[in-house]
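Input sequences plus hints: build the corresponding full structure.
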Amino acid sequence: MRSVVALAIITFKEGIRNRALFGIGLMALFLLGLNVSVAGFFMRDIGKVTVDMNLSALNFAGLLLVFFVAINLMAKDIDRKTIHLVLSKPISRSQYVWGKYGGILLFLSVSLAFLFLFSCLTIALLLALYPDYFGAFSWGQFVVAATFVLVKLAVLTAIVLFFSTITTSSLVTLIFSLGSYIAGVTIEEVVFYLKSDWATQERVVSESLRTVIDVLSYLLPNFTVFDFSLEAAHGLPIAFERIVLALGYAGGYSAILLLLAGFIFARREFN
Amino acid sequence: MVVVECDRVSKKYNTGLFKKRICAVQNLSFQVKEGTIYGLIGPNGAGKSSTIRMLLGLSRPTKGEVRFRGNVLNAVDLRAEIGYLPENPYLYDHLNLNELLAFSGEAARMEPAVYRLRGRELMARLDLLDAQKRPLRTFSKGMLQRAGICFALLHDPSIIVFDEPMSGLDPVGRKMVFDLVMELKQQGKTILFCSHILNDVERLCDRIGLIHKGQMVREFGREDFLQSASDAVFLLTDRLDESSQRALEPLIIQSRPEGEGTLLAVSVDRYLDVNACLQQKGIAVRGCRSEWVSLEDLFVHHIREHAPCAV
Amino acid sequence: MRKVLPASILVVMLGLYVALSGAVWKQQERARLEVPAGYVIPSKFSRVLALGQQGLLSDFLFLKTITFVGGRIGSGMPLSEDDWRFVEHSLDVVTDLDPYFKDPYVLTEGLLAWDAGLIAEANQLLAKGMAYRTDDWQLPFFIGFNQFYFLKDFTAATESLMVAARLPGSPSYLKTLAARIGYYGDKSKTALLFLQELVAEADDPLMRARLQKRLQVLEGSVVMEEALDRFVEDQGRNPEKLVELIETGYLEKFPVEPYGGTWIFNKEGRVFSTSRFVDGFVPQEKD
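So the protein sequences, as listed, match chains A, B and C. Numbering follows the numbering used here, with no gaps: position 197 of the first sequence is 197. Numbering follows the numbering used here, with no gaps: position 195 of the second sequence is 195. Numbering follows the numbering used here, with no gaps: position 71 of the third sequence is 71.
No lab work stands behind these hints: they were computed from the structure. Among the hints, a few may not be true.
[To be verified] These stretches of chain C come out as covered by chain A in the derived footprint (C-beta under 8 Å, 3 or more residues):
(1) 12 to 25
(2) 58 to 72
[As the list claims (entries may be wrong)] Ranges between beta-carbon positions, derived for each pair:
(3) A:Leu-34 x B:Lys-20: 52 to 58 Å
(4) A:Glu-241 x C:Glu-226: 56 to 62 Å
(5) A:Asn-271 x C:Ile-9: 29 to 35 Å
[What the hints assert, rightly or not] Subject to a maximum C-alpha distance of 25 Å in a straight line, what follows is the list of computed SDA-like cross-link-like pairs (lysine to any residue):
(6) A:Lys-76 x B:Ser-59
(7) C:Lys-175 x C:Leu-193
(8) A:Lys-76 x B:Ala-247
(9) C:Lys-102 x A:Ile-187
(10) C:Lys-26 x A:Lys-76
(11) C:Lys-213 x A:Tyr-193
(12) B:Lys-63 x A:Thr-168
(13) C:Lys-189 x C:Val-243
(14) B:Lys-33 x B:Leu-58
(15) B:Lys-20 x A:Thr-168
(16) B:Lys-133 x B:Gly-168
(17) A:Lys-81 x B:Ser-59
(18) A:Lys-81 x B:Ser-167
Bear in mind the structure is a predicted one, so any value in this text is a computation, not a measurement. Quick reminder that beta carbons are idealized off the backbone N, C-alpha and C, glycines included.
If you want it as structure tokens, here you go:
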């Protein structure tokens with residue numbers, strides 16, 4: 001446990017001092033600033049537009065963090081053989097995986113918390129400027145939606161770690177993770193389309209394709225589960241049960257990937 | 001007691017999906033005894049680093065076993081006794097040395113007070129105290145090398161594995177590391193390292209293994225270099241004819257042809273007698289050598305002689 | 001021993017995950033129906049947000065629109081006016097992102113014109129498509145159909161059809177159809193010919209299924225109208241009720257009305273249904 005924590009700490013420090021962070025942070029702050037400046041152009045529902053833009057900024061910044069910084073935190077270790085040094089210490093391979101995951105998660109949480117703070121400030125500012133146009137806005141739902149941006153990134157990070165244990169280059173990891181992300185965001189639409197009555201009536205979906213789709217819906221993460229932006233934007237109620245389910249889903253999926261990553265990593269050779 | 005043992009180890013690599021498997025190490029066996037320094041030498045690509053990676057469990061032998069004090073390395077605990085310095089260590093760019101050493105200490109389950117103290121000692125020893133708060137990205141190659149040594153030695157391991165410890169070091173740094181290795185030996189540590197700098201290997205090692213194309217070509221002991229006969233001088237003379245050879249034989253330790261001349265090993269207290277004899281015979285002395293046979297000569301000789309191994 | 005613990009945790013997690021995943025998918029299915037149609041980012045913004053992948057974004061938005069409508073119809077929920085507005089906005093954005101994309105225009109005709117009754121909006125979208133897909137005879141054909149069938153603007157319909165007829169690949173009978181509108185504009189038979197063409201051209205299974213249902217109902221109308229015409233010709237008067245057609249032997253039985261309405265007719269000799277040929281729209285029966 002101590003070595004896991006120690007590894008998580010240096011991973012976190014290595015990530016948080018990365019210069020790319022400034023760029024990503026600046027970009028997110030720019031988006032938030034843009035939000036403040038364009039809010040006045042909308043006639044009504046400024047609250048909705050604000051929430052949309054804030055969540056998108058968090059989401060976009062988070063994805064950049066995962067794909068440009070987090071991938072490197074793991075893959076550069078292997079590419080540059082730093083992992084040889086780390087593994088020469090009394091750290092098991094699965095401890096390494098968990099330590100890295102913890103570090104990256106900490107890094108993402110702290111970075112996003114920082115951006116979230118700014119995002120809250122812009123919302124507070126706009127609330128003060130246009131109090132009449134924030135009809136259905138609720139802080140609670142916004143916090144839930146923002147937290148689930150982090151949950152989504154946590155699942156994505158588990159995917160990244162999993163792929164870095166089976167590939168030898170960070171580029172391949174990047175491509176696979178990006179592919180999984182895109183598939184994960186779109187899978188729900190595809191599955192429901194294929195399941196819809198129109199499609200089945202016409203038998204465009206053969207039985208075997210249906211099975212493939214069913215299996216895929218278990219294999220790939222459904223990232224839309226973590227998307228509460230619509231609820232936050234329109235102030236719609238979020239069922240507690242839905243939050244619990246989504247959290248359990250995220251936890252289960254990530255834990256399985258990390259355990260598998262640990263198994264694969266233990267068998268892996270570093271040449 | 002044998003601390004590290006390679007028992008008929010072979011390693012094959014898959015280089016690519018459809019490419020031929022490469023045999024990096026073949027049937028390699030050697031033993032490192034407690035408290036001794038063992039040096040692995042060999043040309044580039046001989047399989048030295050592959051061997052070391054198998055020793056550390058970073059990769060698994062295709063055949064054979066690596067043993068530490070008779071145990072196969074798989075338990076994490078055993079690694080607490082090993083300190084490892086990889087070739088050209090890449091450390092974390094944005095950390096500073098203090099943080100890196102703290103990680104090393106934590107990972108080895110040391111008390112914070114203990115590893116802080118030991119870290120300071122090692123940094124002082126390797127002249128890194130001034131740089132301890134700088135990000136490692138700003139370190140020069142030699143500094144990184146020394147930082148890597150601090151990282152490897154922090155938890156006071158009893159077995160030390162160095163891959164090219166002297167590369168990238170300036171003469172002062174080399175001396176520092178050289179002295180450190182000697183001191184570690186005096187503390188009774190078992191040290192295994194590989195290096196291209198034969199001069200260092202020659203001076204430090206108790207035993208030397210020459211690897212070529214994944215196979216052990218020869219193992220040398222100190223006696224093979226005759227350096228232990230420190231009271232001998234080595235004279236290079238014109239080629240001796242048979243009569244002079246016979247006349248000199250009782251006076252010298254041994255002789256061998258060297259280039260166009262003959263190399264004589266002469267005991268210091270017989271030097272004047274030999275000198276008189278040479279003068280009398282009219283044999284010119286061309287110069288002197290510092291050693292009977294250099295590791296470099298042996299190295300080149302064996303590599304040339306050794307037939308390529310069949311994969 | 002060291003591997004047994006993680007392996008057993010993995011097995012437990014797998015079981016847990018499969019259960020959770022099933023629950024989550026069910027949950028999502030429910031949530032999708034509860035959520036209002038939402039909001040489409042105007043193409044001014046989405047064009048920038050697409051990061052150069054406008055084509056892909058338009059494909060995705062289009063898929064999303066189909067699934068949305070499909071989900072509502074599949075679960076038997078009628079689409080509200082807001083839902084239809086969402087569909088219209090989506091299709092507008094999709095065609096803004098990629099104005100050459102054919103499918104959204106077909107969907108525009110099939111959904112916006114037929115189901116939503118947003119005829120003017122549908123024609124506007126189709127006109128946008130005509131500006132880009134200049135060689136596509138179907139777009140003016142759709143417009144012409146809307147003008148003929150929904151707007152009853154026979155002059156405009158004839159013009160649109162003539163435009164379609166001049167484009168490459170258009171079927172030869174378009175000219176005949178255009179001429180026919182002039183004489184028998186307001187007859188189900190004309191609409192039937194139109195619709196048969198629509199069905200023949202619809203590759204999309206989703207559209208096809210719906211168009212075929214309409215074809216069936218229009219065929220019914222044609223059978224009824226022809227019987228009615230014969231009745232009027234012979235008797236010199238309109239029947240009191242449509243049942244009279246069966247009683248007097250002009251019709252064997254009423255054709256099936258697939259939308260569940262009952263057949264009615266007007267003085268001009270046109271036969272309709274109380275369902276207005278839309279699923280779930282049977283107001284007379286409810287009253």
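Going through the hints against the structure:
{"no.": "1", "hint": "12 to 25", "verdict": "holds (count 10)"}
{"no.": "2", "hint": "58 to 72", "verdict": "holds (count 7)"}
{"no.": "3", "hint": "A:Leu-34 x B:Lys-20: 52 to 58 Å", "verdict": "holds, 57 Å"}
{"no.": "4", "hint": "A:Glu-241 x C:Glu-226: 56 to 62 Å", "verdict": "holds, 58 Å"}
{"no.": "5", "hint": "A:Asn-271 x C:Ile-9: 29 to 35 Å", "verdict": "holds, 30 Å"}
{"no.": "6", "hint": "A:Lys-76 x B:Ser-59", "verdict": "holds, 19 Å"}
{"no.": "7", "hint": "C:Lys-175 x C:Leu-193", "verdict": "holds, 12 Å"}
{"no.": "8", "hint": "A:Lys-76 x B:Ala-247", "verdict": "violated, 68 Å"}
{"no.": "9", "hint": "C:Lys-102 x A:Ile-187", "verdict": "holds, 23 Å"}
{"no.": "10", "hint": "C:Lys-26 x A:Lys-76", "verdict": "violated, 40 Å"}
{"no.": "11", "hint": "C:Lys-213 x A:Tyr-193", "verdict": "holds, 21 Å"}
{"no.": "12", "hint": "B:Lys-63 x A:Thr-168", "verdict": "holds, 24 Å"}
{"no.": "13", "hint": "C:Lys-189 x C:Val-243", "verdict": "holds, 21 Å"}
{"no.": "14", "hint": "B:Lys-33 x B:Leu-58", "verdict": "holds, 22 Å"}
{"no.": "15", "hint": "B:Lys-20 x A:Thr-168", "verdict": "holds, 19 Å"}
{"no.": "16", "hint": "B:Lys-133 x B:Gly-168", "verdict": "holds, 22 Å"}
{"no.": "17", "hint": "A:Lys-81 x B:Ser-59", "verdict": "holds, 13 Å"}
{"no.": "18", "hint": "A:Lys-81 x B:Ser-167", "verdict": "holds, 17 Å"}
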